[in-house]
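Kindly produce the complete structure, drawing on both the sequences and the hints.
Quick note on numbering: the sequence shown equals residues 285 to 406 in the working numbering.
What the hints contain is simulated information worked out from the structure, not anything from laboratory work. Any given hint could turn out to be false.
Subject to a maximum C-alpha distance of 20 Å in a straight line, what follows is the list of computed EDC-like cross-link-like pairs (lysine to aspartate or glutamate) [what the hints assert, rightly or not]: (1) Lys394 / Asp381; (2) Lys351 / Asp379; (3) Lys347 / Glu374.
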Amino acid sequence: MENDFYIRRDILLKYKGSEKDVIIPDGVTAIDEKALRGCETLESVVIPDTVISIRWGAFSFCKNLRKITIPSSVEFIFVSAIEGCTDLTEIVIQDSDYFYVKDGLIHSKKSSDDVIGTEIVK
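Written out as structure tokens, the structure reads:
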């Protein structure tokens, strides 16, 4: 499974695998734009505590994604990171100073305007 990840300079640029349950490798500091976009086999993903940033569309349109676990190290999640993930029912955020989950949405503790959800952003 390690070969399924295209990582450069500690940034996950692309996931090329077909596993249902994915654990992103330790040492990754950012999940790049569209890195797992449209991965139809993906059902759950665990992000390591080395990740600081989840960029635009990182997990967008993963139709079968049901669970995502985000560590407290994540300081930035782009608003469309999980858009189109229509089956996402469990978001776990571990003791974050930046985010919390309420009503199936990711909310920013720093800005009341930042809400991250599965709806398609227009």
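Going down the list of hints, with the structure as the test:
no. : hint            : result
1   : Lys394 / Asp381 : holds, 9 Å
2   : Lys351 / Asp379 : holds, 17 Å
3   : Lys347 / Glu374 : holds, 14 Å
Violation of the numbered hints given earlier is absent; every hint is satisfied by the structure.
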